[in-house]
Amino acid sequence: MMKSIVISFFLCCPPAAVPAQAPADAFPVRKGILTIGSFCEGLARMEAGNNRYGYMNTHGTVVISPRFEAAGDFHEGLASVGKEIDGRRRFGFINRSGRLVIPYAYDEVKDFSGHRAAVSKNGVWQYISTTGHPVLNSRYVRTDTLRDHLYSGMYREVRVNPMQFRNGLLLVRENNLYGYTDTAGNWRIPPQYRIAREFADGVALVSAGVKNNRHETMQTYNPDEVPFAWGVIDPAGKLLFTTDAEIVGDFSSGLALFNKDDLWGFFNKKGETVFPARFDNRPLPFTDSTAIVQTGGETTGIRNGKLLLLHASGSIIAVPLCNASGRCILDAGAAFSEKLLPVKVGSTWGYMDTSGNMAIPPQFDQVTPFREGLATVITTEGRLRVIRHPGKNNVTLKK
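Numbering (mature numbering (1 follows the signal peptide of the UniProt record, and there is no 0)), first residue to last: -22 to -1, 1 to 377.
Don't read these hints as lab results, they were simulated from the structure. Fair warning: there could be bad hints in the mix.
[Said to hold, decoys possible] In silico lysine to any residue, SDA-like type, Cα no more than 20 Å apart, as pairs:
id: 1; residue 1: Lys248; residue 2: Ala223
id: 2; residue 1: Lys248; residue 2: Ala186
id: 3; residue 1: Lys317; residue 2: Asp179
id: 4; residue 1: Lys248; residue 2: Thr221
id: 5; residue 1: Lys99; residue 2: Gly110
id: 6; residue 1: Lys9; residue 2: Leu362
id: 7; residue 1: Lys247; residue 2: Glu176
id: 8; residue 1: Lys216; residue 2: Trp165
id: 9; residue 1: Lys9; residue 2: Glu359
id: 10; residue 1: Lys61; residue 2: Lys88
id: 11; residue 1: Lys238; residue 2: Phe206
id: 12; residue 1: Lys61; residue 2: Asn100
id: 13; residue 1: Lys317; residue 2: Pro261
id: 14; residue 1: Lys284; residue 2: Ala302
id: 15; residue 1: Lys247; residue 2: Ser291
id: 16; residue 1: Lys99; residue 2: Thr109
id: 17; residue 1: Lys216; residue 2: Arg172
id: 18; residue 1: Lys9; residue 2: Ile365
id: 19; residue 1: Lys88; residue 2: Val136
id: 20; residue 1: Lys248; residue 2: Ile225
id: 21; residue 1: Lys61; residue 2: Leu78
id: 22; residue 1: Lys216; residue 2: Phe206
id: 23; residue 1: Lys99; residue 2: Glu86
All chains, full assembly: derive it from the sequences and hints.
So this is what it looks like as structure tokens:
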């Protein structure tokens, strides 16, 4: 039985032992702004008092007025926006000037990747270009058939699951086999795999045969339940290696999580083990060349536990969950972003760096990961702020 992690990780206290230093504000937040999202391509979604969304730049200047009923982040120069039309929410896309370049015509939309976005109209999904023209029809949109094993596969749910372009390739299923097409719909890796995943970190996981001679009738997969052995391919379709690991995660920072005999470890793109399978708790994937996993803490609360920072080089830094004063890390972000990890010590949030030092001591009620050198936080007094990345001016949390 795999053990669950004690710290609860989210996908974005009492006075500190060292003086809590207030990080520098990037700019004063204008009155009437209720929320500010993460910065993407130099712009952040913001919500104004009229419950409408607009966008600000990294100087805090509102460059697209808050007039949209729904809004997403910018990707490849375009962001999705929503408007109520005839009693239904419709979506289109704006450019960085705020001009509607793709009209409010869709019931659902996904972000652009590879200059393509998946959109749905009247229940039919397809891919459009950045000019709004249809380029790939519904056959390129992944549809998963999920079966509930508790009912011997009798219960089924069909779920549309549009993929994104990764490494310029789109995961597509044809005749129950998976392959990869380019942005024009041409096969770059022909459909030949019973199971496959999107490219991540320049490689993709594909089926490399069935384990234990089991026959599987599912048209899709839960990555933690498939009976297939995994192989790793490059964007040309070359098989790099195979593994007999029971569970394999996607690659990031050159490493992939794997499970064998109910223990977790990481291997690299050559299939070489960098961290042997010895962790009871499931580590979080690598970001910024650092992964996190909790050890200990199961028998005496968390006071004998540690947060391990695994570096892609193979080194490990152990950070005690609790210090001698009884201040404990009770929660943490799902991943490092720009070398900083949100952590909750007691009742307030701060940021830990990849060496285990508190770069920004806990002092906030809510925080977001750093993006493009900025993070949005809410103080314990309820004030919305945008703070700058502290760089190397780190303060060590006193043990």
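Here is what the structure says about each hint:
no.	hint	in the structure
1	Lys248 - Ala223	holds, 14 Å
2	Lys248 - Ala186	holds, 16 Å
3	Lys317 - Asp179	holds, 18 Å
4	Lys248 - Thr221	holds, 10 Å
5	Lys99 - Gly110	holds, 13 Å
6	Lys9 - Leu362	holds, 10 Å
7	Lys247 - Glu176	holds, 16 Å
8	Lys216 - Trp165	holds, 15 Å
9	Lys9 - Glu359	holds, 15 Å
10	Lys61 - Lys88	holds, 16 Å
11	Lys238 - Phe206	holds, 14 Å
12	Lys61 - Asn100	holds, 16 Å
13	Lys317 - Pro261	holds, 17 Å
14	Lys284 - Ala302	holds, 13 Å
15	Lys247 - Ser291	holds, 13 Å
16	Lys99 - Thr109	holds, 17 Å
17	Lys216 - Arg172	holds, 17 Å
18	Lys9 - Ile365	holds, 17 Å
19	Lys88 - Val136	holds, 19 Å
20	Lys248 - Ile225	holds, 17 Å
21	Lys61 - Leu78	holds, 11 Å
22	Lys216 - Phe206	holds, 19 Å
23	Lys99 - Glu86	holds, 7 Å
Checked against the numbered hints above, the structure breaks none of them.
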